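Chemist: Next come the chains, spelled out residue by residue.
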Amino acid sequence: MVTVSVAALLLGIALAVAAVRVRLPGRRLWWVALCLPLAVPSFVAAFAWTATWPTVDGFWPLVIVLTLCTVPYVTLPAMAALSSVDDGLVDVARTLGRSRARVFLTVVLPHVLPAAAAGALLVALYTLSDFGAPAILRFETLTTGIYAQFSSGFDRTLAATTALLLAVVAVFCVAGERAIRPRPARIRAAVTSRPATGSGRAGTTLILCGLGAVTAAAVAFPLVALGIRMLSSDRYSSSPTDLVGALTTTLGVSALAATVAVVLALPVSLLAARFRGPVVAGVESVSYLGHALPGVVVALALVTLSLQFFPGAYQSILVLLVAYAILFLPKTVGASRTAVAQVPPELEEVSRSLGRGPVRTWMRVTLPAALPGILAGWVLVATAVAKELPATLMLRPIGFETLATELWSKTSLGAYGAAAPVGMLLIVAGVVPALLLARGLERRRGSDSTASADALADTVRREA
Amino acid sequence: MTTHVEQVRAAYGDREVLHDVDLDIGPGERVSVLGPSGSGKSTLLRVIAGLHPAVGGRVVIDGQDVTSLPPEARGIGLVPQEGALFPHLDVAANVGYGIRGLRLRHAHRDPRVRDLVEVVGLGDLLRRRPHELSGGQRQRVAVARALAHEPRLVLMDEPFSALDAGLRQQVRDDVAQILRDRGVGVALITHDQEEALSLGDRVAVMRDGRIVQHGTPREVYTTPVDTWTARFLGEALVLPAVARTDRATCALGDIALATPAQGTVQIILRPEQITLVAASSPASGPGSGEVTRVRYFGHDVLVDLRLTGGTGLTVRTGPDIHVSAGQRAAISVHGAAVAVASD
Chain A
62 MVTVSVAALL LGIALAVAAV RVRLPGRRLW WVALCLPLAV PSFVAAFAWT
112 ATWPTVDGFW PLVIVLTLCT VPYVTLPAMA ALSSVDDGLV DVARTLGRSR
162 ARVFLTVVLP HVLPAAAAGA LLVALYTLSD FGAPAILRFE TLTTGIYAQF
212 SSGFDRTLAA TTALLLAVVA VFCVAGERAI RPRPARIRAA VTSRPATGSG
262 RAGTTLILCG LGAVTAAAVA FPLVALGIRM LSSDRYSSSP TDLVGALTTT
312 LGVSALAATV AVVLALPVSL LAARFRGPVV AGVESVSYLG HALPGVVVAL
362 ALVTLSLQFF PGAYQSILVL LVAYAILFLP KTVGASRTAV AQVPPELEEV
412 SRSLGRGPVR TWMRVTLPAA LPGILAGWVL VATAVAKELP ATLMLRPIGF
462 ETLATELWSK TSLGAYGAAA PVGMLLIVAG VVPALLLARG LERRRGSDST
512 ASADALADTV RREA
Chain B
1488 MTTHVEQVRA AYGDREVLHD VDLDIGPGER VSVLGPSGSG KSTLLRVIAG
1538 LHPAVGGRVV IDGQDVTSLP PEARGIGLVP QEGALFPHLD VAANVGYGIR
1588 GLRLRHAHRD PRVRDLVEVV GLGDLLRRRP HELSGGQRQR VAVARALAHE
1638 PRLVLMDEPF SALDAGLRQQ VRDDVAQILR DRGVGVALIT HDQEEALSLG
1688 DRVAVMRDGR IVQHGTPREV YTTPVDTWTA RFLGEALVLP AVARTDRATC
1738 ALGDIALATP AQGTVQIILR PEQITLVAAS SPASGPGSGE VTRVRYFGHD
1788 VLVDLRLTGG TGLTVRTGPD IHVSAGQRAA ISVHGAAVAV ASD
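Quick note, the sequences are listed as chains A and B, same order. Heads up: the first sequence begins at 62 in my numbering, then just goes up one per residue. Heads up: the second sequence begins at 1488 in my numbering, then just goes up one per residue.
Extracted from the complex, chain B is given alone in its bound form:
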């Protein structure tokens, strides 16, 4: 049950919004497609589903070229943003809708429907109508419905974004578990980097209709290909530096590089790689400077520093560090930085 997206291009009118996109989704694999709005990620999903025509390239599912097939012949499950449950059908009929030869009036007695509704934890709500369900329940029904016809691939378009923060985590974990148990391939479209990293076996980062990077969540987070990707995936500290193979010199001093580089580069550090040391004795030299602002959030503290060389940076630190504006402080760097070409 492998899906290959090969060199797919798609357009709205004359405007091409997908440029030669390649994406593989293995059996039982969950791939997060992460990108800002307008990056083409939803269009990619619609092309895979057959809801939007590809003007070039192929979509191959299980070795079958489905590029020119209508959506109903592709064997995919679709979970749209707010669930899009059929309002005139109850939970059982919604779930049973995709099962061939099932009479919807008897859907609530069908063992397959009952099993699925049980799996998503709504066994006692079989006869409820969509408007009688909470947002989280609707989303679970949508997942059950997408699984009912045993799809080869499940496509989810921002499935959790309409849920409020507390509920989102819960529903997200439950749905991830259900999909993992079923062993079906999943493409998850999202603009939420935390969701993409925590749910995906692999993450594909999209920008301006191209996939700029893909790899495991750890790979894309720790070794982003450029500064844009680094910042899109989380907070990043970007500094100009001069690299000599595996080390680089920057405003923070001499730092190890994750991958060798030469000459003028930019290095990327994650805030958690930097720790702040309040200096009782006047600290000087690279990696030390003056505290210019302190913002206290309870669980952590953001400290703005101006380094000796004039570079400003923000460090995230634990609440037990006591510094105030005007004090001098030093920082230390753990692990290696990623070097990318200067913009």
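For reference, chain A alone in the conformation it holds in the complex:
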């Protein structure tokens, strides 16, 4: 976990500097490319590696896979922070006799570090709660340990203790992230920014090679590897019925879970966006908790609860939906709170003065104006459900296969050829939120950069 976080931190800052401070051909394209690793679920990437080199497993491959998958959590906030660095400061520092490198270390880096470090903690959280990649690469972590106890002996006490430990560490990660992430600056002095600097032909080539290599390893490699697998395997070739079945189930359950989450999130986000107070802050914090809890932990808790109190509900779609709601509520709360908060209160006031009551005002003005953001939250949850592995695995009804569990069971059987198309579909599902994020990044680049940095950091956090 520490190794992955540090690796992601260093790589992420380097990528961000290359993308923001250096003038590159096809800059916008690179920005999209830097968001794209988010589209690749870590267990799909891990699968692509084992499918290509079946002997690859253990610690270092896992570190590489997770770093490549999570580096956007550092890159994107760092990019946002970098584009809000006041170039006036840099100029002043240069005239005070500091070299370019020292200025970077003493002026630019301190500005970027809080955002990047907060991102690194998100990476730590992701690594901590990730189940699929360590399981596929056969390296035992807390999550795989819990799952092993659950599926084999079901030593409840041991599993519960491990889960509790996991939850505590995860909550610390989230608390740490909230503590160090840069506060949104209310008033900031005018920021002068220059266009990015050129770096000479050799430098540009070098940087492009670096960016290209990272993108290739993180995004292109899994796609190509899965493609080759899909075409070359004659044994265990994919059975279309399984595939279509999993796809239909996934679409259905994703849409259902996303709708449930959005409906649950609306009152919370409305309160959080319009009123401030200890009660509201409490409600919001509770809804945020799912963000910290690893899927394995939530699933284990729900298994225990349902067996204890509602035996009938165990392994029913209902419990699964509850798990999704707990896990992904923060995504929609975040998205729709931002959306509602961005509707200026003056709009509601004008509507009231024009003779509409509070309810009609909410229906006719606030909701429509906030709708794009709320829908974005829906998409985020839907794709997250499609990619979710451990909770689905532990809570699903018998015979219920989503794309993620389909990939899992085919991999466990060694049916790599059959698993490959499933992996492809999962990456495609992941591209949607990644592109949403990239589009947000560009749109905000266009508008004022200060507000954008904060908003963007928010989006990345939600994506996590």
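In short, the hints are calculated from the structure, not lab data. Treat the numbers as computed from the prediction; the structure is a model and nothing was measured. A hint or two may mislead.
[Stated by the list, open to error] Not the full set, but computed from the structure, chain B residues with beta-carbon under 8 Å of chain A: (1) Ala1536; (2) Leu1538; (3) Pro1557; (4) Gly1564; (5) Pro1567; (6) Ala1571; (7) Phe1573; (8) Pro1574; (9) His1575; (10) Tyr1584; (11) Gly1585; (12) His1636.
[Unchecked claim] Over 10 Å on every C-beta distance to chain B, these chain A residues come out as not near it, computed from the model: (13) Arg82; (14) Thr116; (15) Val164; (16) Phe200; (17) Leu272; (18) Leu284; (19) Leu292; (20) Leu304; (21) Pro328; (22) Arg335; (23) Ser470; (24) Val493.
In this text, a Cβ means the ideal position worked out from N, Cα and C, and glycines have one as well.
Since the structure of chain A is provided, determine the placement of chain B on it from the hints.
Modeler: Here is chain B on its own, set in the frame of chain A:
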């Protein structure tokens, strides 16, 4: 269509920000509420609109006490700072939003909507979305929208401050004309004294949650009640003086007073009441002194003088007066000064 604000008090938490405010707005009358930021002027507007509760006093519109009514039942039009157009609706639907029983999808075909959009000069932009409009156009739409439901009073909160200087004058004049033609009462909140004086039939000056003075623009400008008001409304020269009924003696000599006073007072003069006379022969006595600094702006010149008695003052003069630092000069005063009590 008269609005009375009677003894209104309002607070944020424990902090009272409006203290017993009285304000009348007659039918078709435009009243500027002028004050620095934090003076409570926006809160006053929100209380009149029903967006902020009054903890005391009454708001009466057309004889109806509306103090406890929600905003939607008050029949007022609101034009906020940057227009606050509904972003998801086009121009026609924005304007039609307040018209009862109108289906917004058909707003662009409604004659009332078309008329209003025509009146504000945007007839060909009916189907545009707010983000496709310029700042000035948005502000016009906001005015049309506020008028659509035939309000009894229109409230405008710094409606022109977000526009750049060139555009502001134009939009301001157009909007003033539209409101005048409609004959609806208007309360205009602003911190811009020029805007307040030029747009208001009457001006109410607010400070620290109270209305310190109200009257016609000419009254408040020429006879401010105290030195703060005088300085807030424009440049003012304030000098200590000794008053004897209708005349006063000060560093500038003997000066006529607009209102009788006695004893130690302060007198207020506007810069345009003072003219500078470059003295070729050495001038002496009250009202003359040495030029200490000259600042040339093209259309006018600011000249700093140190009078014989030691008092310093700044005079605004036309560009055709040629003086330089070190020269002696004399001034003459036109009209009467206002005497207020010493601070």
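Chemist: Are there hints from earlier that the structure breaks, and if so, what are their numbers?
Modeler: Of the numbered hints given earlier, the structure breaks none, since each of them holds.
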